[in-house]
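Produce the complete structure using the sequences and hints provided.
Chains as they are written, first to last, in the working numbering: chain A, 1 to 260; chain H, 1 to 273; chain X, 1 to 268.
Just so you know, these hints were derived from the structure itself, not from any lab. It is possible that some hints are incorrect.
[To be verified] Computed cross-link-like contacts, DSSO-like style, restricted to lysine-lysine with a CA-CA straight-line distance of at most 27 Å:
1. A:Lys233 to A:Lys247
2. X:Lys16 to X:Lys105
3. A:Lys15 to H:Lys98
4. X:Lys105 to X:Lys120
5. H:Lys179 to H:Lys98
6. A:Lys247 to X:Lys189
[As the list claims (entries may be wrong)] Some chain A residues flagged as far from chain X (calculated, every beta-carbon gap over 10 Å):
7. Ser11
8. Asp77
9. Arg105
10. Glu117
11. Leu138
[What the hints assert, rightly or not] Stretch-level coverage of chain H by chain A, calculated; a stretch enters the list once three of its residues show a Cβ under 8 Å from a Cβ in chain A:
12. 155–167
13. 173–181
We put the CB at the ideal spot given by N, CA and C, even for glycine.
Each chain, written out:
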Amino acid sequence: MTELLRADALSRTFKLPRASLRSERSVRRALIDMNLSVNEGDRLGIVGESGSGKTTLARLLLGLDVPTSGAVSFLGDTLPLSDMRQFRRQIQVVFQDPRSSLNPRMSVEDIILEPLECLAVEEPHAARIDEVLASVGLSGDMRTRYPHELSGGQRQRVAIARALAPRPRLLIADEPVSALDVLVRDEILALLADLTANLGLTLILISHDLSVIARLCDDVVVMQHGVAVERGKTVDVFRAPSHPFTKTLIASVPRLPELS
Amino acid sequence: MMRGNRTLTIGVSLVSFSVLLFLFSFIWTPYDPLEINPDLSLTGPSSSHWMGTDENGRDILSNIIVGSRVTLITGVLAVVICMLVGVSIGIATAMSPKWIESPAIFGIDIVLALPTVLFAIVLAAVYGPSTFTAVFAIGIALSASVAQVTRREVNVILLADYVVAARASGSRIPRIVRKHVLPNLRASLFVQASSASAIAILAESTLSYLGLGTPPPDPSWGRMMASLQQYLIADPIFPLWPGLAIVITVLGFNLLGDGLREALDPTLRRDVE
Amino acid sequence: MTLLQVRNLTIRFGQKLVVDDVSFDLDAGQRLGIIGESGSGKTLTSLAIIGLLPDAAAVAGSVVFDGAEILNKSDGELSSLRGNRIGMVFQEPLTALNPLMRVGKQIAQPLRIHRGMRMKAALARAIELCARVGLPDPERLVRSYPHQLSGGQRQRIGLAISLACNPSLLIADEPTTALDVTVQQEVLKLINELVREEGSALMFVSHDLPVVSSMTERVAVMRSGTMVELATVGELFSGARHEYSQKLVQAARRSDDDFVRVSRGGRA
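Next up, the structure:
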């Protein structure tokens, strides 16, 4: 089993602006001593609420932020690598809100072209754009559309297409369906499940929604206030949670009335 | 979307009027604006001289038409300078690390605190009045406010997920500025340019009025106001013409800026569900 | 007795029809859920009832509250109802509260306006209300500003404000959507208790079917401005009539199944 991504004692502290000239600058400890190991083929879920540190973790794993202490390694090499392009070709991301993750001034074609150009992907770009649009269920004539002309579900598909364009090995999805309408969520989750299976993608899925994690993730890490409070196989953690926070989370899932 | 945006329509009309005067000035004027006719001094509006003549017998209408050149050229050049300088500083500051950004903001604030016209007066006093000094002074003074507004807008843009996505796609800073920051700044830049034009033109008129702008003999509305106001008692209509010309132009650019902001500002277009 | 009677409510923005012929009743003490996705018109419907639609909206139909027609009434006439006999809780507590006013004062406002209470008495009542909505240390908390409180706390303040004058109808529009899941449960429980104690009617607007079905007895399903179904929760889940409602139920069932399967026994 190849270990793709690894976090060792990863911490990130933010200095907050001073309240006044004389007071001390307080700090916000967004991530505290996080250890993580993601092997090829894993489907890992990261569960947490706002302020849990999950987004900070995602940014650090993507090399988009620098840790205060600790390190992120990719295939054994510590970030930042001398050639980040190679890294970015292999690790991609899908964000939560498709309204803000797509540049409103760029067409779908330009949006998907960006990683292909910046990462100097060697295959013909035009063909790859068509290919990746098809794989997310969008037709080729979507290329000339702009984000405001698309529905929420379509935008998220474009975001996924952009992430898949450079043929990454690992996909980090940060709350990929939280901003979508209920009926659309199901479609996108199904799409993610299919793509992960068909493309052999390793998946790190961040979500506060336990049913999403249950559907797509074999392993789970539960985070609270920047700390991983529990981890294990999804089945084990959901069935028999040990940490009080995990128990509260599981108890808070809105359930359907007990009817036929 | 543009339906019923009266501000924009009026703004465009007024600015067009001044631009037409400008273009017209190269084609034909009723008289040579510089031609002196001492015996025709200070005649009121007549069929031969629609706006009358000044103290040297020069046709006022012709001077108004040609005076538009100084006004618009100074205005446009000053705005070009202030936009180029201001936007560059704004973007650079917003994308710099904190230790550069803080002193830069401080510097911008200092320049911002200087009244535009005062700054221009000082420069003119040191380097002598000329179109160039006026353009330079106004341009630099206005660039501070452009830099400030731009900096704030860029900071907002940089928070958007699509910028983070661009970084995750391997985009480097020059490309991010080119493809993500500038296109999303476009609307704001149009608005700022319009407003800056209004201020620039007013500033140029003030400088000319004080004798610190374009020196004679090139006609200039501001200078005409200064020289003709002495003859208010003779006939109040004399300084009215250059004054009106200035008001129409400045108001036009102001309304243009407001109208553009209304038309282009996405936050004003609320989507109610 | 019928507290609220909405008939043929239609809302237009220029040429665009955003709410089309919506009708429903709500009796005193009853609870109705309005469920729909974005663009369904559910929020517009709730805003129309208390006359808080933007000026650009053209509203037609009838809204009878407690025997009196209130649709298209003037702001002055409606303001005596708002915060008084009809309370409203919004989705985003941060923007629904005045950032520059201490929260105690904000709770006191409806009491002063509608009950003519003096500031001191109103503030005392505000402290009681804070305790009632489960906020700790109410004497100190009423002096806080909204930004000093957490999302859940702000939403409780929002509830306190809306319930200050014991309204007979509480309209809650996505009150827990912006909150963390753990906080959501607490706030929903709180709404439940308060509404029950007051005997108020509840109109609960949301996109979240499991949440709506746990809070109300009847549900109105809206889609693209039309009310496609009006049924009890039981009827909706055992056999929804409209295709769209069926899809919503299926999607909710799917998520529920995913969760249950993993938390009860691992993959089949």
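Going through the hints against the structure:
no. : hint                 : result
1   : A:Lys233 to A:Lys247 : holds, 15 Å
2   : X:Lys16 to X:Lys105  : violated, 40 Å
3   : A:Lys15 to H:Lys98   : holds, 12 Å
4   : X:Lys105 to X:Lys120 : holds, 10 Å
5   : H:Lys179 to H:Lys98  : holds, 24 Å
6   : A:Lys247 to X:Lys189 : holds, 18 Å
7   : Ser11                : holds, 23 Å
8   : Asp77                : holds, 35 Å
9   : Arg105               : holds, 23 Å
10  : Glu117               : holds, 34 Å
11  : Leu138               : holds, 20 Å
12  : 155–167              : holds (count 7)
13  : 173–181              : holds (count 3)
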